[in-house]
Every structure is written in C-alpha cells, then in structure tokens.
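Protein chains in written order, with my numbering: chain E, 1 to 498; chain G, 1 to 498.
Please note that a few of the clues may not be correct.
Said to hold, decoys possible - Derived lysine-lysine pairs resembling DSSO-like cross-links, with alpha carbons at most 30 angstroms apart: (1) G:K452 to E:K148; (2) G:K159 to G:K19; (3) G:K19 to E:K348; (4) G:K348 to E:K137; (5) E:K497 to E:K360; (6) E:K497 to E:K60; (7) E:K102 to E:K349; (8) G:K148 to E:K349; (9) G:K148 to E:K452; (10) G:K494 to E:K348; (11) G:K19 to G:K494.
Said to hold, decoys possible - Computed from the model, here is a short list of chain G residues facing chain E with C-beta under 7 angstroms: (12) D124; (13) T130; (14) Q134; (15) S199; (16) P267; (17) L300; (18) L440; (19) F445.
Keep in mind the hints are simulated off the structure, nothing from the lab.
Just so you know, these numbers come straight off a predicted model, no measurement behind them.
Even for Gly, the Cβ is constructed at its ideal location relative to N, Cα and C.
There are 2 protein chains.
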Amino acid sequence: MRKKIPDSKVIEQTLGERKLVLASNRGPIQFERGKDGKREWRRGAGGLITALDSILKATKAYWIASAMTEEDSQVAKNQKLLGLPEDDPFYWIYLLDIPPDKYDQYYNEISNDLLWFLNHHLFDVANEPTFGSQFRKAWDNGYVAVNKQFAQTIAALTKGDDDPVIMIQDYHLYLVGGFLRQLKRDAVLFHFVHVPWCSPDYFRILPTDVRQAILESLLTLDIVGFHSRRYVRNFILCCQDLLGCRIDLRHGKVYYRDRVVLVKAYPISIGVEETRKMLEIPEVSEGIEKLSEITDKYKLILRVDRAELSKNLIRGFEAFAMLLDTHPELLGTLKFLAYAYPSREYLKKYSDYRRAIEEKVAEINSKYGNSQWQPIDLQIDDNYYRSIAALSRFDVLLTNPVFDGMNLVAKEASVLNSRDGVIVLSENAGAYEELRDGVLGINPFDLEDTAKKLYQALTMTPLERGLRATRLKEIVKRNDVLKWLRHQLRDIEKVSKT
Amino acid sequence: MRKKIPDSKVIEQTLGERKLVLASNRGPIQFERGKDGKREWRRGAGGLITALDSILKATKAYWIASAMTEEDSQVAKNQKLLGLPEDDPFYWIYLLDIPPDKYDQYYNEISNDLLWFLNHHLFDVANEPTFGSQFRKAWDNGYVAVNKQFAQTIAALTKGDDDPVIMIQDYHLYLVGGFLRQLKRDAVLFHFVHVPWCSPDYFRILPTDVRQAILESLLTLDIVGFHSRRYVRNFILCCQDLLGCRIDLRHGKVYYRDRVVLVKAYPISIGVEETRKMLEIPEVSEGIEKLSEITDKYKLILRVDRAELSKNLIRGFEAFAMLLDTHPELLGTLKFLAYAYPSREYLKKYSDYRRAIEEKVAEINSKYGNSQWQPIDLQIDDNYYRSIAALSRFDVLLTNPVFDGMNLVAKEASVLNSRDGVIVLSENAGAYEELRDGVLGINPFDLEDTAKKLYQALTMTPLERGLRATRLKEIVKRNDVLKWLRHQLRDIEKVSKT
Numbered sequence: 001m002r003k004k005i006p007d008s009k010v011i012e013q014t015l016g017e018r019k020l021v022l023a024s025n026r027g028p029i030q031f032e033r034g035k036d037g038k039r040e041w042r043r044g045a046g047g048l049i050t051a052l053d054s055i056l057k058a059t060k061a062y063w064i065a066s067a068m069t070e071e072d073s074q075v076a077k078n079q080k081l082l083g084l085p086e087d088d089p090f091y092w093i094y095l096l097d098i099p100p101d102k103y104d105q106y107y108n109e110i111s112n113d114l115l116w117f118l119n120h121h122l123f124d125v126a127n128e129p130t131f132g133s134q135f136r137k138a139w140d141n142g143y144v145a146v147n148k149q150f151a152q153t154i155a156a157l158t159k160g161d162d163d164p165v166i167m168i169q170d171y172h173l174y175l176v177g178g179f180l181r182q183l184k185r186d187a188v189l190f191h192f193v194h195v196p197w198c199s200p201d202y203f204r205i206l207p208t209d210v211r212q213a214i215l216e217s218l219l220t221l222d223i224v225g226f227h228s229r230r231y232v233r234n235f236i237l238c239c240q241d242l243l244g245c246r247i248d249l250r251h252g253k254v255y256y257r258d259r260v261v262l263v264k265a266y267p268i269s270i271g272v273e274e275t276r277k278m279l280e281i282p283e284v285s286e287g288i289e290k291l292s293e294i295t296d297k298y299k300l301i302l303r304v305d306r307a308e309l310s311k312n313l314i315r316g317f318e319a320f321a322m323l324l325d326t327h328p329e330l331l332g333t334l335k336f337l338a339y340a341y342p343s344r345e346y347l348k349k350y351s352d353y354r355r356a357i358e359e360k361v362a363e364i365n366s367k368y369g370n371s372q373w374q375p376i377d378l379q380i381d382d383n384y385y386r387s388i389a390a391l392s393r394f395d396v397l398l399t400n401p402v403f404d405g406m407n408l409v410a411k412e413a414s415v416l417n418s419r420d421g422v423i424v425l426s427e428n429a430g431a432y433e434e435l436r437d438g439v440l441g442i443n444p445f446d447l448e449d450t451a452k453k454l455y456q457a458l459t460m461t462p463l464e465r466g467l468r469a470t471r472l473k474e475i476v477k478r479n480d481v482l483k484w485l486r487h488q489l490r491d492i493e494k495v496s497k498t
Numbered sequence: 001m002r003k004k005i006p007d008s009k010v011i012e013q014t015l016g017e018r019k020l021v022l023a024s025n026r027g028p029i030q031f032e033r034g035k036d037g038k039r040e041w042r043r044g045a046g047g048l049i050t051a052l053d054s055i056l057k058a059t060k061a062y063w064i065a066s067a068m069t070e071e072d073s074q075v076a077k078n079q080k081l082l083g084l085p086e087d088d089p090f091y092w093i094y095l096l097d098i099p100p101d102k103y104d105q106y107y108n109e110i111s112n113d114l115l116w117f118l119n120h121h122l123f124d125v126a127n128e129p130t131f132g133s134q135f136r137k138a139w140d141n142g143y144v145a146v147n148k149q150f151a152q153t154i155a156a157l158t159k160g161d162d163d164p165v166i167m168i169q170d171y172h173l174y175l176v177g178g179f180l181r182q183l184k185r186d187a188v189l190f191h192f193v194h195v196p197w198c199s200p201d202y203f204r205i206l207p208t209d210v211r212q213a214i215l216e217s218l219l220t221l222d223i224v225g226f227h228s229r230r231y232v233r234n235f236i237l238c239c240q241d242l243l244g245c246r247i248d249l250r251h252g253k254v255y256y257r258d259r260v261v262l263v264k265a266y267p268i269s270i271g272v273e274e275t276r277k278m279l280e281i282p283e284v285s286e287g288i289e290k291l292s293e294i295t296d297k298y299k300l301i302l303r304v305d306r307a308e309l310s311k312n313l314i315r316g317f318e319a320f321a322m323l324l325d326t327h328p329e330l331l332g333t334l335k336f337l338a339y340a341y342p343s344r345e346y347l348k349k350y351s352d353y354r355r356a357i358e359e360k361v362a363e364i365n366s367k368y369g370n371s372q373w374q375p376i377d378l379q380i381d382d383n384y385y386r387s388i389a390a391l392s393r394f395d396v397l398l399t400n401p402v403f404d405g406m407n408l409v410a411k412e413a414s415v416l417n418s419r420d421g422v423i424v425l426s427e428n429a430g431a432y433e434e435l436r437d438g439v440l441g442i443n444p445f446d447l448e449d450t451a452k453k454l455y456q457a458l459t460m461t462p463l464e465r466g467l468r469a470t471r472l473k474e475i476v477k478r479n480d481v482l483k484w485l486r487h488q489l490r491d492i493e494k495v496s497k498t
C-alpha cells in the first residue's frame with residue numbers, strides 16, 4: 001500500500017505560497033455567551049463543517065461565514081480575523097455581520113424557500129413558486145446584497161495576494177464568484193454545490209434574469225463541483241439551454257465568453273478516523289448501553305434525518321406498515337427507531353409535514369402495536385450522540401430521500417456500524433452512485449419496493465450481511481473526505497497552470 | 001411557389017399497398033342514441049382528432065380507439081369495422097369495448113393521475129405519488145391489460161398484411177408498441193407522444209419495472225416522435241440513464257438490443273384552411289357579433305384553456321392584477337375574458353384548483369371592479385364556438401402554461417385572429433420553439449414578467465402588432481398539420497427501406 005501523504009502536505013504542495021480562502025454561509029464554530037458572562041465557542045454540527053474543518057488543519061486558511069448567533073454578531077462587529085484554536089491557530093475565521101431582515105431574505109426566503117426547493121424538485125408547480133414583488137425585494141436586497149458582501153470581504157481580505165485559491169460553498173452563495181471575479185481577476189475560483197442540481201426544465205422555473213445571473217456567476221469560475229455525475233450533466237445542460245453555451249459533456253466543460261469552465265463530480269465524504277473516534281465519546285457509549293434494551297430483544301430498523309420534506313419519512317413509515325402487513329410473523333420481533341431533527345418549522349409546509357409524520361406514526365402504532373409492543377419509536381428532537389450510538393447498532397438503516405445531494409448518514413453508518421447492518425438507500429441520494437454495490441437500492445416513491453428491500457435486509461444471511469458491510473467500509477475508506485479535497489486541489493493545480 | 005401535392009397523394013406515395021393503422025385512446029367520433037332512438041355520431045373535439053381526421057381522407061386507414069359512450073360500447077360489441085362516412089367511407093373505425101372498472105384504472109388512475117402528472121412535472125413530490133398495492137392493481141389490470149388489448153386488436157385487424165404502418169398516439173398507449181412488436185415483427189411502428197417528456201430525474205419517480213417497461217416498449221419501435229427538441233433530448237437521456245443504452249443526441253438515435261430507434265421532433269400543427277373555415281359557422285358569427293358589445297368598448301385580453309393544473313390560470317390572473325396595480329390608467333379600459341373548459345373535476349386536486357380560480361377572480365373583481373365594470377369575466381363551461389369567436393377578436397391572448405406539450409390554441413389563435421392580436425406565450429409550451437419570433441415569451445412562474453408582457457402587448461404600436469401577426473400567420477401556414485404528417489411519413493419511408 002502506498003504511503004499516505006499527510007493532509008497538510010497535500011495542501012501545501014498545491015497551494016505553495018498562495019492563500020486559501022473558504023466561504024460558506026455557516027462557519028465551523030459559533031460563539032455564545034457562557035453563564036459566567038464569558039465568550040465561548042462550540043463547533044457546529046453538519047457534514048460539511050466536519051469535512052472541511054478536519055482538513056483545514058495547518059493551512060492557515062481564512063474561512064468567511066455569516067454571523068449566526070447574537071454573540072457571533074458581536075464578534076463580527078470587531079471586523080477582525082480570529083485564529084482557531086486561539087492559543088495555536090491553524091486557520092482564521094472572519095464573520096460577516098448581516099442585519100436580521102436582510103439575512104432573513106437571503107437565507108430563508110431565497111436560499112431555503114426557493115433554491116433548496118428548486119434543487120430538490122420540491123415544488124407543487126401548479127401552485128408554487130410565484131415570483132412577485134416580495135420575491136424581487138428578497139432577491140435584490142437579500143440574496144444579491146449578501147453575496148456581494150461576501151465577495152467584497154473576500155477581496156478585502158486577500159488584498160495583496162495575487163492569485164489566492166477561493167473555495168465557495170453551496171447554494172447560498174451562487175453569486176459570490178461572479179462579483180469576486182470582477183475584483184480578483186487572477187484568483188482561482190472554485191464553487192462546490194452540496195445539493196442536487198436539477199434539470200434545465202426545472203431550473204427554468206426561476207425568473208429569466210435570476211437563472212441567468214446564477215449561471216453566469218458560476219461560469220466566471222474555474223471549476224464548479226458537484227456530488228454526482230447526474231448533477232454535473234444537469235448543470236452543463238442548463239448552460240447550453242439557458243445561456244446558449246457550447247458544451248462538452250464527455251469532458252465536463254462549458255465554454256462561456258473567454259473562459260473554459262471545468263464541471264466535475266467530487267463526491268463528498270467523511271473523515272473515517274474522526275467518525276470512528278466518535279464512538280469513544282462517553283455520551284455515545286452511554287447511548288449504546290441504553291440501546292441494548294432494544295437491541296437485546298428486537299431487530300432494529302433505524303432512520304436518522306432531519307424532519308425535512310426531501311427526506312421522505314412518511315413513505316418510509318408506510319412501507320414499514322406494508323412490511324408488517326405482508327409479514328405478520330415480524331410483529332413483536334422488531335422496532336423502528338426514527339430520530340428526526342426538527343427542521344424549518346417556521347414554514348407551514350414543514351410544520352404540516354411534521355404533523356403528518358406524527359399522525360402517520362400514531363396510526364401505525366395503534367394499528368399494529370399493543371400494550372407490550374409499539375412498532376415505531378419516533379423522536380423529533382436534536383440529540384447527536386444518541387444518533388451516533390444508534391448508527392453503530394442498527395440491523396437495517398432506512399435512508400429513502402426523494403432527492404438528496406449526497407446523504408452523508410449512509411457513509412457514517414457504513415463506518416460506525418458494528419453489527420453488519422444493512423443499508424436500504426434511495427437511488428436518488430447522491431451517495432447511491434458510490435455505494436450501490438454495498439446497499440440495497442430503492443425507488444423512494446415505491447412502497448412495495450421499499451417494503452421488499454426492508455424484508456430482504458432483515459432476512460439476509462449473516463454471510464451476505466458481512467460481505468456487504470465490508471464492501472461498504474472499504475468503499476468509504478477508499479473515498480474519504482481527504483480524497484474529496486485532494487481531487488479538488490489536484491484540479492485547482494491543473495487549472496492554475498493553464 | 002411549388003405546387004402543393006394533395007394530402008392523399010403524399011400518403012399514397014409513402015404507403016403504397018401497405019395498410020395504415022392509427023391507435024389512440026379517443027377516436028375521431030362518438031356514437032349517441034338520438035331522441036328518435038336512432039344511432040347518431042358526432043365528431044369529437046380536441047386538436048389531435050382535428051389534425052388526424054383531416055389528413056386521413058382517402059387513406060382507407062383503420063383507426064382503433066376505446067369506446068367512450070354507452071352507444072360506443074354497443075357499437076364495439078359488434079366487433080366490426082365501421083366505414084366513415086357511412087355512404088362513401090374513406091377510413092374505418094374499430095372501437096374497443098373495455099369494462100368500466102378496467103377503463104377507470106387504465107384511463108383515470110394510470111394515464112391521467114400518474115402519467116399526465118409525471119409528464120407535466122405536476123407532482124408535489126414530498127407527498128405524491130406513492131406507489132402501493134392500489135397502483136399495482138391499476139397498472140396490471142388496467143394499463144397493461146388495455147394496452148395489450150389494443151395490440152392484439154391491431155394484430156388481428158392486420159392479419160395478412162405483411163408490413164403495415166402503425167401509428168400509435170400518446171401517453172395512454174406507451175405499451176402497445178412492445179406487445180405489437182411480438183405479434184407483428186415486420187410492421188413499421190411509430191409512436192407519437194402529445195405531452196411533454198420529462199427529464200430522467202423526474203421520470204425516475206416511476207417504479208423501476210414500470211419505467212423500464214415503458215422505455216423498452218417504445219424502443220421496440222422504429223420511430224418515437226415528440227413535439228419539441230426538449231422532449232426528444234429528455235427521452236434519449238432517459239434511455240441512457242435507465243436502460244444503459246448507447247445514444248446519439250445529435251442524430252436522435254437510441255441503440256437498444258438489435259435496433260436503432262429514431263427519436264425526433266415533429267411539432268404538431270393545425271389545418272390552416274379547416275381552422276379558417278370555422279369562422280363561417282353561424283354560431284361563430286353570432287359569437288363574434290355578441291362579442292362586439294365588449295370589443296367596441298374595451299381592449300380584450302383573452303385566455304382559452306381547460307381548467308387544468310398545467311394551464312396556470314391563477315398566476316395568469318395574479319399577473320393581470322399586478323398589471324392593474326402598476327397601470328391604474330388601464331382600469332375600465334379593458335376586459336379579461338377567461339373561457340375555461342371544466343376538467344377532471346372528479347379529482348380533488350382539480351376541484352380544489354377550480355375553486356381557487358373562482359376565488360381569485362372574485363377577489364380581483366371585487367378589488368378593482370365597480371358596479372359599471374368588472375375586470376375579469378370567467379366562464380367555466382364548454383362552448384367551442386364561443387371560443388373560436390373570441391380567438392378571432394382578442395387584442396391580447398394569454399397562454400401561460402407551467403408546462404404544455406404543444407398548445408395548439410396559440411396556433412389556432414394565430415390563424416383565426418383578425419385584429420393583429422398579440423400572443424403572450426409561456427416559454428414552456430411546446431409551441432414556443434416555433435412561434436418565439438412572433439409572440440411575447442414569458443416565464444409562467446414570474447408575475448412581473450407576465451404583467452410586463454401584457455402591458456407591452458396592450459401598448460404595442462399597430463405597426464409592430466401587424467408585423468408580429470403576419471409573422472405568426474406565416475409560421476403556422478408554413479408548418480401546418482400536413483407538414484407534420486409528411487415529415488413522419490418521409491421518415492417512415494426511410495426506416496422502411498433500411
């Protein structure tokens with residue numbers, strides 16, 4: 001086996017003297033005022049932060065993000081770079097102070113209620129979206145303004161650096177690249193999109209000038225990255241249809257004005273070691289201990305997601321009910337644990353969805369359960385350690401999103417699980433492209449398919465479970481988050497030379 | 001100008017001795033029992049029937065369709081070909097008698113509630129569709145069974161004909177080709193799809209075996225035709241993604257097993273002369289006369305569509321309200337006539353939509369109208385002649401579907417209108433590809449865009465109105481329905497020779 005080059009080395013080799021800048025809506029840490037009145041910070045959750053944070057060590061990179069908490073805003077008002085960790089910093093944070101009403105327009109109205117829905121095909125198009133004057137205000141005063149603020153900040157921070165490498169993250173910041181290109185002609189600009197990219201037919205839903213602005217901004221960059229080849233193709237076809245670009249699907253190139261833009265899939269992953277180490281956290285061990293009350297008696301079907309429209313919880317429960325219908329011998333022998341993080345409940349569609357989830361679970365529990373045994377245990381709250389514990393102990397993991405950018409839970413589960421648990425995975429999760437040989441793939445709209453695969457997973461021979469689990473661990477190990485970054489850096493190096 | 005070859009000649013040249021067979025769910029005529037107890041028939045409405053009926057003259061073709069009325073079923077039970085017209089027939093009808101419950105599964109549950117929604121992107125995917133046992137029954141006992149019945153009937157009727165040309169129409173009959181190929185190895189099989197075809201991401205919503213069955217059936221044919229190049233590309237990409245086919249996007253070819261299938265756009269059109277002649281119908285003249293009460297006093301904005309989710313009536317009215325808001329000088333000077341044919345009201349989504357349309361109109365009329373003047377006149381009923389009359393007299397036609405296969409109304413309007421009326425047309429209507437140089441294109445989700453284009457249309461100089469109207473008439477005349485058929489026949493001839 002080839003000796004692995006340490007993370008920091010890879011980055012140093014690529015960057016040389018050049019400055020690395022990261023931009024994302026949410027930063028890696030959040031500040032709070034402690035009980036003693038002192039400022040404290042804690043690491044944020046979420047796959048992206050875990051991934052990026054773990055590889056920024058020793059880069060001396062700048063990470064630009066929005067202030068999220070009140071204390072963040074206080075920090076932001078100082079307009080200073082903050083080294084992390086404070087005593088021996090290896091990268092620096094810069095927080096942007098954005099007024100709440102502007103942030104609401106940028107983050108809620110445009111990023112989450114529009115672009116997230118668009119990217120995940122979540123609109124009921126006969127009735128939504130409708131672009132009127134409220135949208136226009138949110139776009140101009142919110143999204144465009146905040147994106148410009150990000151770009152101006154990055155330009156100011158890299159003043160004097162000739163050709164910094166700037167890595168812009170996700171759907172909140174589609175316009176940063178375009179503004180930045182005007183200010184930093186020679187920078188290497190890379191945008192990574194962490195959500196799916198939809199087909200041109202669906203992308204056309206956006207107002208003409210808005211969709212053009214987004215595509216034109218992304219096409220002033222050097223590289224645009226996605227999780228999967230499906231999204232790459234969709235993006236390239238959008239450029240052809242909506243800007244009339246010459247394209248090269250085979251080589252992932254879009255020709256726009258005087259530029260050639262590389263469009264490519266870099267499937268994000270997890271830090272395998274960092275993930276495994278989470279099992280050593282006391283709260284996780286306690287969680288595993290507590291779970292044994294269930295796992296000693298029952299087979300454990302698990303799901304862990306946000307209570308989010310795209311995650312498809314209701315069809316998951318309906319498929320489980322179909323499983324109980326078709327295989328009554330399973331009654332009383334298994335337990336479906338559903339851990340759902342509350343999500344965007346200020347939106348009616350989401351609070352309605354949460355209510356529908358709860359009603360569906362109550363209906364199934366009352367139909368199939370009894371005083372001794374309830375088939376589903378639904379917990380809608382935020383308990384990260386409990387989720388990690390459960391991921392290490394499931395017999396079957398159900399991850400059935402209607403559409404999903406990557407779905408890192410499937411990769412975390414592959415690494416964490418110690419019982420040769422079987423993963424039943426939607427073919428519309430980005431992770432499916434990589435994991436297909438180890439998981440049981442399903443069409444997430446198809447209850448029969450889902451129920452059958454759950455049954456297949458529950459009744460699989462130990463030999464096959466073991467083979468699949470091993471295969472999954474190998475795939476994820478081979479394609480860990482460092483490889484994700486390495487591939488990006490390698491391509492950044494290539495485009496820098498040309 | 002080149003002398004036009006008569007329709008019948010074109011068809012004869014292509015077909016020679018070969019039998020032409022048409023298959024569609026709805027046939028060109030329906031039988032009823034008259035008041036005197038005698039059997040009567042009347043021609044059906046709808047663009048497809050008008051188009052095909054007008055070009056079948058002198059072909060001696062067979063047209064296979066479902067029995068729709070009770071009297072149709074009586075006719076169907078005789079299992080006989082019926083010549084039309086009865087005294088000197090130039091083509092023959094054969095009606096299939098399908099039991100009502102089976103027809104309901106095939107037509108309502110699968111064709112309209114599933115495939116129509118799919119093709120037009122109408123699902124609220126977080127909540128629908130869900131494929132369970134009811135779907136499976138409707139698919140197997142309804143859609144598959146009826147498609148097989150069509151295929152077997154066609155095979156029986158063409159027994160002895162070596163290489164008939166069989167033209168299968170639309171989304172109700174996707175599986176006919178596959179069944180028929182097993183029975184008629186040497187037939188030339190052509191399927192024409194009259195609705196949009198969606199992207200692979202969206203087509204994947206269908207259960208795995210169902211989407212495969214549809215694609216595999218269509219790929220046993222010689223030619224698959226669509227209205228626009230967008231749909232052609234979507235279909236070809238579906239074949240690549242879901243069947244792993246080798247494809248050739250540039251030449252519209254899909255390689256599947258031992259076949260090469262031609263996939264091509266043939267934009268359907270209208271018979272220009274037949275359409276113009278409708279103005280001579282007394283009921284139409286009366287309608288025009290009656291309309292002058294409005295057109296003498298007001299500018300006339302018109303819409304004519306089914307009250308169908310894809311037609312986007314509510315956003316159309318909202319855009320009109322925005323127009324009145326931004327241009328109060330228009331109050332009292334114009335009238336928005338909305339003629340909507342009732343559609344699928346047995347479905348809750350449609351009856352809800354109708355109610356929402358009525359509420360929106362009431363709201364706008366109460367806000368902007370007064371005792372002398374109401375801005376919108378909404379008529380949800382079925383009055384074909386009144387629509388034709390209005391199409392000849394509008395100042396502005398609003399046709400803003402969210403997604404629409406072709407939209408023949410835009411073409412009919414181009415031919416019928418005698419006042420240089422301006423057409424405001426959704427870029428997601430199939431017709432937009434051809435008519436874009438004559439219409440004002442809109443993003444149908446964008447109220448501001450729609451309101452602006454309505455204003456532009458209302459205030460356009462007579463010179464520009466005239467130029468646009470002339471251009472539209474020329475485009476439609478050049479690409480009439482005969483050309484649609486001629487292109488198909490030319491390609492049928494080509495594939496027959498190879």
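Taking the hints in turn, this is what the structure says about them:
no.	hint	verdict
1	G:K452 to E:K148	28 angstroms, holds
2	G:K159 to G:K19	11 angstroms, holds
3	G:K19 to E:K348	59 angstroms, violated
4	G:K348 to E:K137	35 angstroms, violated
5	E:K497 to E:K360	57 angstroms, violated
6	E:K497 to E:K60	23 angstroms, holds
7	E:K102 to E:K349	22 angstroms, holds
8	G:K148 to E:K349	42 angstroms, violated
9	G:K148 to E:K452	28 angstroms, holds
10	G:K494 to E:K348	56 angstroms, violated
11	G:K19 to G:K494	17 angstroms, holds
12	D124	4 angstroms, holds
13	T130	6 angstroms, holds
14	Q134	10 angstroms, violated
15	S199	3 angstroms, holds
16	P267	17 angstroms, violated
17	L300	25 angstroms, violated
18	L440	13 angstroms, violated
19	F445	5 angstroms, holds
Hints 3, 4, 5, 8, 10, 14, 16, 17 and 18 from the list above are not met by this structure, while the remaining hints are.
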